[in-house]
Amino acid sequence: MTITKMIAKDEWRYWWRSKLATSVMLVGLILIAGSSILTAKQMTDAAHERAHLQSEAEEAFFSQPNRHPHRMVHYGHYAFRTPPPLGIIDPGIDAYTGDSIFLEGHRQNSAMFADRQASSELAIFGALTPALLLQTLAPLLLVLIGYNVITREREARTFDQLIAQGMTPLKIMIGKGYALVGVAGLMIVPLFVAIIFATLDGEPFVSASLFMVGYALYLLIWCIGIVLASTMMRTPSASLGALLAAWVVVAILIPRISSNAAVSLVDAPGKIETDFAVIEAVSKVGDGHNAADPAFTALRANMLQQYNVDKVEDLPVNFRGVVAGAAEANLTDILNKFAEERMQVEVAQANIARYFGWLSPVLGIREFSMKVAGVDLETHHRFLRETEALRFDFVQSLNRVHAEKLTFADDANRSSNPEAEKRTRVSAENWKVLDEFDFSSLPANNRIENASMSLMKLVFWVVLLLVLCRFVGRRAL
Amino acid sequence: MSNIVVEARNLSVMRGQTPVLSDINFEVRKGEVFALLGGNGAGKSTTLHTFLGLLPPQSGEAILFGKAVHSDVASVRSKVAYLPEAATLYGHLTAIENIEYFLSLAGIKKSSNEIVQALDRVSLQKEAHNQNMERYSKGMRQKTAIALALLRETPVLFLDEPTSGLDPVAIDEFNQLITSLAAAGTTIVMVTHDVYGACQVAHRIALLRRGALVGSFEADEGGKIDTETVHAAFAERAAS
Amino acid sequence: MSMFSSFTRELRFFLKQPAAIVLVLVAISLSVFSVWSGLSEVERQQETIERLLVADAKDRAAVLAKESDYGGAAYYSFHLTYDPPSRLAFAALGERDTSPWKHRIRMLALEAQIYESDTANAELAQSGQFDFAFVLSILMPVFLIILLHDLRASERAAGRHDLLVATSASDNNLWRSRAFVRVILLSIGVLIPFLFGAMVSGASLLSIVSVLGIAIAQILFWSFLCLWASARSYAGPTIASGLLAVWMLTTFVVPAMSDAFIEAIIPAPEGGDIILTQRESVNDAWDLPKEATMETFVKEHPEWAEYAEINRPFEWKWYYAFQQVGDQSVADMSEKRRAAILKRDKAAQWFAFLSPSSLTERSLTGVAGTDAKAAMHYQQHVRNFHGSLREYYYPLLFKGAAYEAITLANLPRFKALSDRK
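Protein chains in written order, with the working numbering: chain A, 5 to 481; chain B, -10 to 229; chain C, 11 to 431.
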């Protein structure tokens, strides 16, 4: 134990005296700390902004004057997705999917306004979030600092001397590993601070600490990998070359290859294309605005029979409202079916890309981070589902008002008779049917459960590299 | 005068901020073997590097064939072959391929027959000729580098610790080779810390200590320099 | 000694170095993969457009057959608009994964339709595309750094440096021809798959030459940077670290910071605000007196003043008038947003000079017509087409022409900006 500590201390002294290592470390720390502060500010601003817009939208809905309830169905409502607390570290796909959605009757709109569309598009790798830095650039910095931990000793022939002092290669490797882990530890200090802020913002302790553990594991993978490569290679140049090649493959190539593979393997027709099928299916439902549409003949017959009357005018409820409700329900069934299909295709694609996480820890940590933070594709889908539920809910509540508070005669004659029109305007009190919308993350244990597979990928890499270390450590002399 | 081939005139050289050679003067005539003898860090290799145009003089001049090295490095290099200390060639090439490559760098084309002859002359084993050099011992590498220097057929040879890594038999062979080259008119400048080796082949020896010349010895009529005298002087004046 | 003979000498020398050859082979195969994946993505987009065109025509015909007035025809008939990938798009897919290149629009308020995005899977868009532009702008510098950084340092470490310099007639010539061989082999290896792809997709000579020009500029920049660094007397890994730090800063950090900076100094109206305002206006129209709407409408379109009287509770011309008034209410914001996006793009052009990678990527997407400018052109084209729909229907609606199905045979047809650039 003391020997390995001594080796680690010696390595630290070497780094401290090397201009290159200290400047690389400094650049890394400044980048990570700077981006943590900026991203945290950006995301909290966005959270406040969206929460504000949400209550404003609700305010606007409630303050609409007395009018025909179906007008409110078309007036519609907005729902906003507020980022979760850990979003200050990993905004996930926030910049690529819209963060707001317009909800109205008879339609399912897609989320609007991805930031990327209006950005200057200079940043090929996206914004410099702490997540991107820790996942992609921190490993490169670790490589630049640590590629020669052992090849340097070999070059200076001090490796043989250490062995001659009775040290085993494995012990030297562990010592060097400690030293590198120390550097990695420095790099996640800003992450730790950001996580504390997220916890204060409502992130449960379990998920926050697991998030931290995931990143620690991830950087550990790189530390072990670096020591391993430095042991296996003979010269500093070779160890740097091998580690750089590994970094390029794992951090730059595989992520892109994974998305190409996903797109090639699972065909995802665009929204416009599926809309044809949707329109065709929907056309069979009948127009809910037209109570005389033949699609509602059966409904009419049922209702007449149920209330034992002869004409729709004699029904105790407004048949036009009933039709609107029935049409909306049928339509929503169809729309949901298509929406579910689309989401399943997207998840299938994402899952293919995620398999590559077994090949690249960068993809592993990315998946883990997005899942624990709750900023992954599934969360976006949950947002779509929840907003759809909200939409269906308020539309149907309004349709119920339409059916129960209006008479059929007034409703039918409102365009020709101004008096009847006045009577079809219901009190604004009825707009209170709208539920407040507050999109929040899944409970911590659900997110952790979702992230378990990605955590396995990280653990797999740690174990694999440790086994290799033992193997190499026995033979490296 | 015209037979002076190599000349250092008030030569001072710096490496970075540290002065390595200060105010050196010597002359080497055609067909002469001149040995610069000194301990570690005396400035031996620096002297050679200056004459090869690898280092610029701080003041004074390094002169070859009456021309300052600095004024025309390329033409100087075409007249000089250099054998570096612990010469390494390319490990992934054979001795013959290495020699071909380096000769072509100098713009020389030799038939493989000539190359094999040169390798024989330095007595590199036949079976090694077509082996990749990464398998060579230190001595075999040195022999190949010597063969390369011979094949350049330059009027001047600069040798940096030429016999390091050679076994005693090879050293004897090497010394004979040097003597016969000098007899044929090649001017040879070697730097070494090996007193015995220098006395064996050199016509003149200069002692170098901390960048300054501290003594010189000429061969007697028999062409020999007394090893004891030089050794004593070296121990007294040159050993750093 | 002639340049040619030193080139052939170094070529022969290079061909005996397994590590360098492997690297060049890897570069070639990545380039091949990128071209293949670009071509197949473009083909996918082309096929999608073709399928959509057929379905669109069929759908419109079916819808129109059911209609009995022009208002209904305009309401129910959608029109496909699209921006076909250029013949060079395979090399630089650019914005096409985040910006829409297809819209299906109808004669309702356009501002409610134009921001719909029919883009791919968000989680995949995050990883980005593996196209030729990526190989050239991101990976090429890394290859060059690995191949060139220790040109001298490796010889120094192996103890051959002095012998090489002392032996060669001109050592500058030696390093230059060595670097030249490596750069040439790598460049040819990376560019040939592109040329092949360009031939397959039938790109114009001019566009190919432009891409080659961009490629050469990028390669030369990094080659000279590497050569300059490799002439320093540091150890190879130190030089490599320095070069990689430059690469990392200019590829990741500088572009992201410029991006954030540009967004901060050039504010753009939020798209969400535009839609919100537009919606309010359209919704309010139902409650406003119809004359108020028509007045606002006529102010912008005086040619319909004498037909602007609305007598019945619902008339199509009133309906479409308030749709247009909705667009008018946000015309200013929308204009500002587009201007801001173009201004950001212009600023980005300058900032790109701080990052060779971004500059290369931008130049390539510029040549390939897959950049922000092209997306804006497409959007403008869609706006124009939407305008032509209004021009077509308004006389029929305002003058109260009797419905004749045959008239609709003359419906404006969307024509893509260019079939394939």
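Mixed in with the good hints there might be a few duds.
What the hints assert, rightly or not - Footprint (simulated), chain B over chain C, 3 or more residues, beta carbon under 8 Å:
1. 116 to 126
2. 178 to 185
What the hints assert, rightly or not - Chain B residues, not near chain C, derived (Cβ > 10 Å throughout):
3. Ser1
4. Phe15
5. Gly55
6. Ala57
7. Glu86
8. Phe147
9. Asn164
The hints are simulated quantities; they were obtained by calculation from the structure and are not laboratory data. Built from N, CA and C at the ideal position, the CB exists for glycine as well.
Okay, the hints, checked on the actual structure:
1. 116 to 126: It is violated: at least three residues are needed, and the segment 116 to 126 of chain C offers just 0 whose Cβ sits closer than 8 Å to chain B.
2. 178 to 185: holds (count 4)
3. Ser1: holds, 21 Å
4. Phe15: holds, 20 Å
5. Gly55: Gly55 (chain B) clear of chain C: closest Cβ-Cβ about 20 Å, beyond 10 Å.
6. Ala57: Non-interface label stands for Ala57 (chain B): nearest chain C Cβ at 17 Å, farther than 10 Å.
7. Glu86: Violated: least Cβ distance 8 Å, not greater than 10 Å.
8. Phe147: violated, 8 Å
9. Asn164: holds, 22 Å
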